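The task is simple: from the sequences and hints, build the whole structure.
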Amino acid sequence: MYVILRSVFKHALKSTGVKILLILSLLFIYAFQFILVLLDPHERLEASDMSTYFNGMGLAGFAMLLTAVVTSDLISGDLSGNSFVLYFSRAIRTVDYAIGKMGGALLVVGILCFAAPVLLAIVAIATQSGPDYGYSATVLGRTVAAGILATLFFVPYGTMLSSFTKRKSYAAVGTFMSFFVLTIIGNVFAEFDRSWRVISPAESLSDAFDWIYGQELPSYIDGGALAVFLALFMIVPTLILYLRLRMQAVGK
Amino acid sequence: MTTTAEGLSHSRESAVGEGAGQHHLSANGVTVHYGPVRALDGFTALIPRGVVGLLGPNGAGKSTFIKACLGLVSLSAGTISVGGLDSRTQSLRIRDHVGYMPENDCLIPSVNAVELVSYFGMMSGMTSKDSMQRGHEVLDFVGVGEERYRLIKSYSTGMKQKVKLAQAIVHDPPLLFLDEPTSGMDPQGREEMLELVTMIGASDKTVILSSHVLQEVEQVCRHVVIMSNGRLVAEGETSVLVAGQEDVQSLTIRGDESAIGRYVAALGRTCEILERRDEGKGQVALRIRGDETGRNVFRLAGENEVQVRYYRGERLDLEEVFLRSFKRGGDLGD
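So the protein sequences, as listed, match chains B and A. For reference, each letter of the first sequence is one residue, going 1 to 252 in our numbering. For reference, each letter of the second sequence is one residue, going 1 to 334 in our numbering.
If you're looking for bench data, these hints aren't it; they were derived computationally from the structure. Some clues are possibly wrong.
Pairs of lysine-lysine residues, derived as DSS-like cross-links and limited to a Cα-Cα distance of at most 27 angstroms, are as follows [unchecked claim]: (1) Lys168(B) x Lys10(B); (2) Lys14(B) x Lys166(B); (3) Lys10(B) x Lys160(A); (4) Lys14(B) x Lys129(A); (5) Lys14(B) x Lys168(B); (6) Lys166(B) x Lys129(A); (7) Lys14(B) x Lys160(A); (8) Lys160(A) x Lys166(B).
These numbers were taken from a predicted model, which means no experiment stands behind them.
Laid out in structure tokens, this is it:
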């Protein structure tokens, strides 16, 4: 499992597309914030500031793109090369393979969605002028939670789509387009009933970040429905992926 | 740098290599279904140590049997024991000590041979450093030179077959499954591959070579298992199978039609004629039983004015063994 995870991570970081996306997204989303935190005097780390970084469409958009690029050849590459048989002739289980593949992708996406905001929060705490470190630590904890959610959210879906095709390009375009289409559908239906925006991955994620940072959910968003959607968006693709891999592992 | 088969053997202690007695692998009434298709149908065999040929036409169930041994397909019935381990419940332990060279193209095209072989070495539990060193050793052994640094997608079929073999032996397993290892190779490549198989077999490993090319199996295998339609049709030592029956002689005679008719009739009164085959141009091949000294064969030939062109104790090639097995035990092909 660790061998696969490490290989996926190294392979992804060698990819020009991933490198460009990571550099662009870190520059676009965080570079200015780091400069601001370092130069602008602040009393403590504010939840509203961190929530703003997460809620900007930049993070969700780049996370979607990065996920699409990183996950596109995770399984499709092994499908097109019939490499499953080599993996499963070794003493590894389907679940080890799946965790290894997804884990590698999560590490890459985690650079953008977890490591960068947590580092930003730590830098903000280190440079704060006020004594309220307790509050800042709470916000740091919330940032860790938001970072984990942002990292975990898109990868299972992208990996699942990669298990449906032998073509990396189909998987990449399919992943990004399905996020995009769900967002459009959510927005269209929200014109009639605003609670429909829960089916938009980016909007749901944004609402979840608000909740993590202690803000009130909009009145038209049902907290339970949001939690169910978020959970389903991660769990169902993982289960489908597992079943697809099981079928591949036994050569059906 | 040359690596020998002995050099490849690191005397790895293994559950698979021990505790299995004389037989390394046994299958008992194994049945496997792919939906409505019965790929293995009560297959039973005892496979000893050494280089063993798994013979059968396409669709006979050879690859399915190998996958069943690795626990990659579910058994509908029966049991498979690999070195004393049950394939149903201990497949991970079996796979830890087995090398598998699949029939189909299965290599990762976007990496080079060193990366691939060392990657699968690590997957088998080796450290990064060890697997890299070992990767180079086995690539030397199979004869992949500087090409090892090129991406696999640029390799010829023969090169790919060698890399497939290298990844199968990188962790020095005591048991190897080679599924059609010479598939798609040119004659020289085939010879090289069979030489490698012989060298591996000489290093005290068990090699199960699945093939439908009889000459290859006859060339390198000490023991042969013949299967058809998912069933066992014959098995035994290659030398015993090709030796034929002890008291049976092969005889070829030539003469005019009436002389041959008289000769065969006279011979039939002194011994049992098992088979008669007209080979054309006045030549007839016979299999007879009951005249081990050949006295009557030659006496009657003189009396009936026919030439004895060939006479000796029966010796078959594997092709004849194969065909006779099918006559007895099943249809040829599926």
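Hints, one by one, checked against the model:
Our distance criterion of 27 angstroms between C-alpha atoms is met by Lys168(B) and Lys10(B), whose separation comes to about 18 angstroms. Pair hint Lys14(B) plus Lys166(B) holds up; C-alpha atoms about 21 angstroms apart against a cutoff of 27 angstroms. With a C-alpha separation of about 24 angstroms, the suggested pair Lys10(B) and Lys160(A) falls inside the 27 angstroms cut-off, and the hint holds. Annotation: proposed proximity of Lys14(B) to Lys129(A) holds, straight-line Cα distance about 21 angstroms (limit 27 angstroms).
Under the criterion of a C-alpha separation no larger than 27 angstroms, the hint pairing Lys14(B) with Lys168(B) is consistent with the structure, at around 16 angstroms. Using a Cα cut-off of 27 angstroms, the hinted pair Lys166(B) and Lys129(A) is violated, with the two alpha carbons roughly 32 angstroms apart. For the suggested pair Lys14(B) and Lys160(A), the alpha carbons sit about 24 angstroms apart, so the restraint of at most 27 angstroms is met. Between Lys160(A) and Lys166(B) the alpha-carbon distance is near 21 angstroms, which keeps this suggested pair within the 27 angstroms criterion.
In this structure, only the earlier hint numbered 6 is contradicted, and the remaining ones agree with it.
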